[in-house]
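Enquirer: Going down the list, the protein sequences come from chains A and B. Read in our numbering, the first sequence has 417 at position 417, and its numbers run on one by one without any break. Read in our numbering, the second sequence has 48 at position 48, and its numbers run on one by one without any break.
Hints in this document: simulated from the structure, not taken from any laboratory. Be careful, since some hints might not be right.
Unchecked claim - Derived BS3-like pairs: lysine-lysine, alpha-carbon spacing no greater than 27 angstroms straight-line: (1) Lys610/A - Lys151/B; (2) Lys151/B - Lys113/B; (3) Lys3/B - Lys588/A; (4) Lys87/B - Lys587/A; (5) Lys3/B - Lys584/A; (6) Lys584/A - Lys87/B; (7) Lys587/A - Lys3/B; (8) Lys598/A - Lys694/A; (9) Lys113/B - Lys627/A; (10) Lys564/A - Lys113/B; (11) Lys588/A - Lys18/B; (12) Lys666/A - Lys212/B; (13) Lys179/B - Lys584/A; (14) Lys588/A - Lys87/B; (15) Lys179/B - Lys587/A; (16) Lys566/A - Lys18/B; (17) Lys588/A - Lys179/B; (18) Lys610/A - Lys43/B; (19) Lys587/A - Lys113/B; (20) Lys113/B - Lys566/A; (21) Lys179/B - Lys564/A; (22) Lys11/B - Lys566/A; (23) Lys627/A - Lys3/B; (24) Lys87/B - Lys532/A; (25) Lys18/B - Lys564/A; (26) Lys151/B - Lys587/A; (27) Lys564/A - Lys212/B; (28) Lys584/A - Lys212/B; (29) Lys151/B - Lys598/A; (30) Lys3/B - Lys564/A; (31) Lys584/A - Lys113/B; (32) Lys95/A - Lys302/A.
As the list claims (entries may be wrong) - Beyond 10 angstroms from chain A on every Cβ pair, some chain B residues (computed): (33) Glu10; (34) Leu17; (35) Tyr20; (36) Phe32; (37) Glu44; (38) Asp137; (39) Arg140; (40) Asp156.
From the three backbone atoms N, C-alpha and C, an ideal C-beta is built for every residue, glycine too.
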Amino acid sequence: MKKQRGKTVTKIWVFIACMVFGMIALLGAVATMICASFGYYQGKSSEQIKNNIYESAYNTDAYLALSAGEEGNYYIDEFDNYEFAILPGDKWSSKELKDSSNYIVSNFSDGFPESYIQKVYAVGDLTTYHIADNVFGDSWDEVGYEKVKKQVDQFVVDDTDTDYHTIYAQIDGKYYCMDASFDETEDGIVYYIDGVAFQESELGTFNSFEIVPDNDVFELDVAEDKSAYATIEISDSTLSEYTVISSSKENVVKGDDYLYEANRLYTYSKSLSVAGPIAFIVGLVFAIIFFVILMSLSGYHKEEVKSSYEIYQAKKIDENLYLQRRGLDKIPMDVNLVFIISIFGVLIAIAVDGVTYGSNLMLYMIIILGLIIIGVFFGLLYSMTLASNFKNKSWWKNTLLAMGFSLFSKWYKKIRGISRESAKSVKMHTRLWIIYGGVAFFEFVGLSFLADSYRFGTIIFIWFIEKIVFAVLLFKLLHQFGEIKATTKEITEGNLAASVNTENMFIDLQEEGDYINSIKNGLDTAIEERMKSEHFQTELITNVSHDIKTPLTSIISYVDLLEKEKIENEKANEYLEVLDRQSKRLKKLLQDLLDASKASTGNVELHMEKVDVGVLLNQVVGEFHEKLGNAGVELKVKTPVTAPCILADSRYLWRVFDNLMNNICKYGAINTRAYINLEVKDAKVILTFLNTSKDELNISTDELLQRFVRGDSSRNTEGSGLGLSIAQSLTELMGGEMKLSVEGDLFKVELSFASC
Amino acid sequence: MNKILVCDDEKDIVNALKIYLTGEGYEVVEAFNGKEALEVLEKEEIHLVLMDIMMPVMDGIEAMVELRRSYNIPVILLTAKSEDMDKVLGLNVGADDYITKPFNPVELIARVKSQLRRYMMLGGVSDGGTITEPSRDILRIGGIELDDRAKKVTLDGEEVSLTPREYDILKLLMEHPGKVYSPRDIYSEIWQDPTFGAENTVAVHVRHLREKLEYDPANPRYVIAVWGHGYKISEE
Chain A
1 MKKQRGKTVT
11 KIWVFIACMV
21 FGMIALLGAV
31 ATMICASFGY
41 YQGKSSEQIK
51 NNIYESAYNT
61 DAYLALSAGE
71 EGNYYIDEFD
81 NYEFAILPGD
91 KWSSKELKDS
101 SNYIVSNFSD
111 GFPESYIQKV
121 YAVGDLTTYH
131 IADNVFGDSW
141 DEVGYEKVKK
151 QVDQFVVDDT
161 DTDYHTIYAQ
171 IDGKYYCMDA
181 SFDETEDGIV
191 YYIDGVAFQE
201 SELGTFNSFE
211 IVPDNDVFEL
221 DVAEDKSAYA
231 TIEISDSTLS
241 EYTVISSSKE
251 NVVKGDDYLY
261 EANRLYTYSK
271 SLSVAGPIAF
281 IVGLVFAIIF
291 FVILMSLSGY
301 HKEEVKSSYE
311 IYQAKKIDEN
321 LYLQRRGLDK
331 IPMDVNLVFI
341 ISIFGVLIAI
351 AVDGVTYGSN
361 LMLYMIIILG
371 LIIIGVFFGL
381 LYSMTLASNF
391 KNKSWWKNTL
401 LAMGFSLFSK
411 WYKKIRGISR
421 ESAKSVKMHT
431 RLWIIYGGVA
441 FFEFVGLSFL
451 ADSYRFGTII
461 FIWFIEKIVF
471 AVLLFKLLHQ
481 FGEIKATTKE
491 ITEGNLAASV
501 NTENMFIDLQ
511 EEGDYINSIK
521 NGLDTAIEER
531 MKSEHFQTEL
541 ITNVSHDIKT
551 PLTSIISYVD
561 LLEKEKIENE
571 KANEYLEVLD
581 RQSKRLKKLL
591 QDLLDASKAS
601 TGNVELHMEK
611 VDVGVLLNQV
621 VGEFHEKLGN
631 AGVELKVKTP
641 VTAPCILADS
651 RYLWRVFDNL
661 MNNICKYGAI
671 NTRAYINLEV
681 KDAKVILTFL
691 NTSKDELNIS
701 TDELLQRFVR
711 GDSSRNTEGS
721 GLGLSIAQSL
731 TELMGGEMKL
741 SVEGDLFKVE
751 LSFASC
Chain B
1 MNKILVCDDE
11 KDIVNALKIY
21 LTGEGYEVVE
31 AFNGKEALEV
41 LEKEEIHLVL
51 MDIMMPVMDG
61 IEAMVELRRS
71 YNIPVILLTA
81 KSEDMDKVLG
91 LNVGADDYIT
101 KPFNPVELIA
111 RVKSQLRRYM
121 MLGGVSDGGT
131 ITEPSRDILR
141 IGGIELDDRA
151 KKVTLDGEEV
161 SLTPREYDIL
171 KLLMEHPGKV
181 YSPRDIYSEI
191 WQDPTFGAEN
201 TVAVHVRHLR
211 EKLEYDPANP
221 RYVIAVWGHG
231 YKISEE
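Chain B extracted, bound-state conformation:
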């Protein structure tokens, strides 16, 4: 059983988070400012921290800096600010992820799962979580796992059903993470046909792919459109 520390000065939000997380089978410890969070961390073995940035007594950034001195557990920041600068600051001081308020409960759970899975895989803890040996036929980007032998794609461990075209596009993108493929490249690669004017089809397929693989398709984390150039897959 993974223990999650939830830290926010808003009791209602802490409560709501607790309901969601316990529903998923996690044990939740509460804290209402950065200082309390640090105290809890000293006493108990925590596997993941969910922390607000704007808090009294000690804010999230300060607590983050303190926390990183002694712990390498995943930390997800909760923030009302959606400004790029705040995200950058949060990630710079050592946060592993961030979620902007108001958050989507499904997305929140997914991210928590994703962070925990990665933490376990890297061997952060000795117990719990099965570590899958990465094999040559398995491509992995964040929470997405593509098993080419079984032609199976999972997102955070849950199977996602894709059409063959979507599967091919995903595989192409995942084979070269970070590389931007233009719709024309993708079309000629997947359809093996250099017909012009069929690029719209690619865009539709990528959109479907995104809807299936992203909790918030408007703010995609993996399948990213580089507007005016093409598409890529990357772990942010």
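In isolation and in its complexed conformation, chain A is listed as follows:
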């Protein structure tokens, strides 16, 4: 079983087996049903069953004889299996029956038979002969059938359908549908039954109708099937009635009557009544078994077929066994369902049609068989796709309904997304829609005054279309305007990568968008130019300082060599010292210039990491311990108990501290105190450097931050005047902030970083 999974050949064999056993079960069921209609399985004796079967032969043979008699020659001489006699009229006593002078024709061989069947038939023109029964044939308009007069208790008119009223005759509590038409006239509704007109009020009185039911006429339930018709005969129709006496002979021989056939049918039916149920049960069991096997096989395939669609990708079960939807399985399940229902509908319609109009029993049986084969074939195919889809968990996904639903939900989500977006950027959004809705409401109220107009439907339709068109327009306008506004805002906030997508925009908005895009492009170019020129400047400074370094190297080296030459001249030694000092200062200046240029243009590679400010301050204090002592400045450090940490590049942070501390050493007044305060405020780490300047600070803080500006205008002390500028640039590069303030001689630097 497992081995067979996925093999197409196996599937085909199981499919065929399932069909064959299904057919056997069906045929068995049909045979059983036919036998049941003969009276089998109901505890009836074989004699009764035989009579049941024979009775239809009697009727048929009577029909044969009477229809032949209409043309002058009764057929009864050919009836080898009957004692047969025909009498005119319908009222004969049993005594009169035995009088052969009353017979129109007879073939009695031994006189009047002991046991016989007496039946009345009517012959003539019945105007209406819609007989819904299971007798195959439609040529009943010449010979009447067994005629039983029944009193019609009441006529019932079903007028639930205004276009088609149906009239039922109620007889013994059962309803028989009549073929009738009706007309609305000035006097009310007139019904036509068999071409005779009746007022609605008259209908109840027509008790004289004769109805010709036989055992084949359907008994109707008003509430149910209204499509079948009973034969309604109007009493004044021209029917001539005959009484037929028939008696079958003991030994049935092959002859020109139907009794022979009936006898044969009876003989067959005896074995059929046994074989039918067996065939049905055995067929059904095997059909179910094969059906289950078929269902478990469907969906599996031996080889993998690659599909570009994810939903059709094969799922690997094990080595060369794949679960995948293929071929018919790909058809949406609801399409499949509609298809299978239509197929069954068509098949049933053909079968029913055959019942009504078919004349050839054999042909009809073949047709029915063909229909059943087709039905089972498609039914099995459908079941297979159903099973495959269930296994692939796609019975819902693989329906037009689900696809439509997902398409709709995607579309809806898109609309909702766009709407939210424009609502975010366009403040008027909600207000405009409220106004739109209000206007629509008042228009509708106004329009409802026109409700009397016979064009009201059209007016409402056109109004509705107009509303939809305007809603779409408003939606698009808001969306496009929102997009332009949002992009403009982004550009304003400095995101120059933003641009308006002007495709599919309304003409004016498109132009507006294009203008904004070109403004953005202009800005972009300007900024790029500036970046370029700054880069160029940095490069220039770098190159120039490198070029200066080479001669400076020689100067420093030779000054050093000169110092090593023991020169007796005191003045020369003094000059040498100046040369030494100044060349070293030049070296420092050059380095600072390079650093400042790099820091101010952001041309610095940062390695951001967590830095413990407390530890750093300890190190700073240690580094500057002696230098501060020499400058006569006492340093006081105040830190919280738990030192915070910040995110920074420790080398550059040290550089900032170094510059600030050097400033304190250089410009701090002798015998004063300098302070470093560390505090955490609002998730920010704030470092304050405070010192008292030895010179009067008569320049603004802005000027202090400019390059080459120093606290003392004389420029006598060492330093390049770049320290604060470098410190500020580096601080800002690391995401911090540096603020300067001067109060009298009090110089204050405040560094703040985000704590981490």
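Fit chain B to the known structure of chain A by using the hints.
Expert: Below, chain B without anything else, positioned relative to chain A:
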């Protein structure tokens, strides 16, 4: 007598270098571009090369690549560029050290000595230089040698006088080269006292240590401050 090749397109600088190096007792061979340097190397046995990067005809980087194909002698690059990238490039093509211009003559000599000593120790040449057997009590990082038995520290062979505290800190750092000790770690380790707030003392001591062990304390080579974390000792 070690032979040093000095290569720079600036004659004055070559001359100055020659004066310094001959003063230290080295023999100096001159070259004025990379190509000349390579030619000299073919002819003479050179123990160390001092070479500028920016030179005409063949620059220092190119000469470096050529040189490394056949020689394993130490090379110190001289460069005007102090950019990190240039240092990395120079070291990547096989330079052993670099000195940025304008250089400090003392530092220059120290580095030359250091490179030569290492070259000799590794057995690059058969003659000259005494190879000291490394013993368990001697810690060595670059030019720094700490003899724990004699409680003696030498820098490029010259004795450095350290206070006991400085000596302890140096020993601690040298026992675990590359490991970063926070001031608090050092304090509790050396002073055997967990008193808080004494970390500043450590920083002062480390600064002294650096001043004694570095030719340019602003650009330390061995005793390195990892700002915001602590101190370590490493050979760059």
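Enquirer: Each hint should be assessed against the structure and marked as holding or not.
Expert: Hint check results:
Among the hinted pairs, Lys610/A with Lys151/B is inconsistent with the structure: their alpha-carbon atoms are about 37 angstroms apart, more than 27 angstroms. Distance restraint check for Lys151/B and Lys113/B: the Cα-Cα separation of roughly 23 angstroms lies within the 27 angstroms cut-off, and the hinted pair is therefore satisfied. Distance restraint check for Lys3/B and Lys588/A: the Cα-Cα separation of roughly 33 angstroms exceeds the 27 angstroms cut-off, and the hinted pair is therefore not satisfied. Proposed proximity of Lys87/B and Lys587/A is supported: the alpha carbons are some 19 angstroms apart, at most 27 angstroms.
Taken as a hint, the Lys3/B and Lys584/A pair is broken in the structure, with Cα atoms around 31 angstroms apart against an allowance of 27 angstroms. A C-alpha spacing of about 23 angstroms is found between Lys584/A and Lys87/B, which places the hinted pair at or below 27 angstroms, so the restraint holds. Taken as a hint, the Lys587/A and Lys3/B pair is broken in the structure, with Cα atoms around 31 angstroms apart against an allowance of 27 angstroms. Between Lys598/A and Lys694/A, the direct Cα distance comes to roughly 31 angstroms. Violation of the 27 angstroms bound is thereby established for this hinted pair.
Under the criterion of a C-alpha separation no larger than 27 angstroms, the hint pairing Lys113/B with Lys627/A is inconsistent with the structure, at around 31 angstroms. Only pairs whose Cα atoms come within 27 angstroms are accepted, and Lys564/A paired with Lys113/B is accepted, the gap being roughly 20 angstroms. Taken as a hint, the Lys588/A and Lys18/B pair is honoured in the structure, with Cα atoms around 25 angstroms apart against an allowance of 27 angstroms. The straight-line distance between the Cα atoms of Lys666/A and Lys212/B is roughly 24 angstroms, inside the 27 angstroms bound, and the hint therefore holds.
Pair hint Lys179/B plus Lys584/A does not hold up; C-alpha atoms about 35 angstroms apart against a cutoff of 27 angstroms. For a cut-off of 27 angstroms, the pair hint linking Lys588/A to Lys87/B stands: about 20 angstroms separates their Cα positions. Restraint check for Lys179/B and Lys587/A: not satisfied, since their Cα atoms lie roughly 34 angstroms apart, outside the 27 angstroms limit. Between Lys566/A and Lys18/B, the direct Cα distance comes to roughly 19 angstroms. Compliance with the 27 angstroms bound is thereby established for this hinted pair.
Restraint check: the Cα-Cα separation between Lys588/A and Lys179/B comes to about 32 angstroms, which exceeds 27 angstroms; the hinted pair is violated. For the suggested pair Lys610/A and Lys43/B, the alpha carbons sit about 54 angstroms apart, so the restraint of at most 27 angstroms is broken. Distance hint between Lys587/A and Lys113/B is fulfilled; the C-alpha atoms sit about 25 angstroms from each other, no more than 27 angstroms. The suggested pairing of Lys113/B with Lys566/A holds, with an alpha-carbon distance near 26 angstroms, which does not exceed 27 angstroms.
About 41 angstroms separates the Cα atoms of Lys179/B and Lys564/A, which puts this hinted pair outside 27 angstroms; it is violated. For the hint pairing Lys11/B with Lys566/A, the CA-to-CA distance comes to about 24 angstroms; that is within 27 angstroms, so the pair holds. A threshold of 27 angstroms between alpha carbons decides the hint, and for Lys627/A with Lys3/B the separation of about 42 angstroms lies outside it, so the pair is violated. At roughly 26 angstroms between alpha-carbon atoms, Lys87/B and Lys532/A fall within 27 angstroms of each other, so this suggested pair holds.
Simply put, Lys18/B and Lys564/A have alpha-carbon atoms about 15 angstroms apart, close enough for the 27 angstroms limit, and the pair holds. With a C-alpha separation of about 39 angstroms, the suggested pair Lys151/B and Lys587/A falls outside the 27 angstroms cut-off, and the hint is violated. Pair hint Lys564/A plus Lys212/B holds up; C-alpha atoms about 22 angstroms apart against a cutoff of 27 angstroms. Straight-line distance between C-alpha atoms of Lys584/A and Lys212/B comes to about 21 angstroms, which keeps the hinted pair within the 27 angstroms bound.
Using a Cα cut-off of 27 angstroms, the hinted pair Lys151/B and Lys598/A is violated, with the two alpha carbons roughly 45 angstroms apart. Taken as a hint, the Lys3/B and Lys564/A pair is honoured in the structure, with Cα atoms around 24 angstroms apart against an allowance of 27 angstroms. Our distance criterion of 27 angstroms between C-alpha atoms is met by Lys584/A and Lys113/B, whose separation comes to about 25 angstroms. Distance hint between Lys95/A and Lys302/A is unfulfilled; the C-alpha atoms sit about 84 angstroms from each other, more than 27 angstroms.
The Cβ of Glu10/B sits about 6 angstroms from the closest Cβ of chain A, inside the 10 angstroms cut-off, so the non-interface label is violated. Not every CB of chain A is more than 10 angstroms from the CB of Leu17/B (nearest about 8 angstroms), against its label as outside the interface. In this structure Tyr20/B is not separated from chain A by more than 10 angstroms, as the shortest Cβ-Cβ distance comes to only about 8 angstroms. No Cβ of chain A comes within 10 angstroms of the Cβ of Phe32/B; the nearest lies about 14 angstroms off, and the non-interface call holds.
Annotated as non-interface, Glu44/B keeps its C-beta farther than 10 angstroms from every C-beta of chain A; the closest such distance is 25 angstroms. Listed as a non-interface residue, Asp137/B keeps its Cβ farther than 10 angstroms from every Cβ of chain A; the least gap is roughly 30 angstroms. Taking the minimum C-beta to C-beta distance to chain A, about 26 angstroms, the non-interface status of Arg140/B holds against the 10 angstroms cut. Listed as a non-interface residue, Asp156/B keeps its Cβ farther than 10 angstroms from every Cβ of chain A; the least gap is roughly 19 angstroms.
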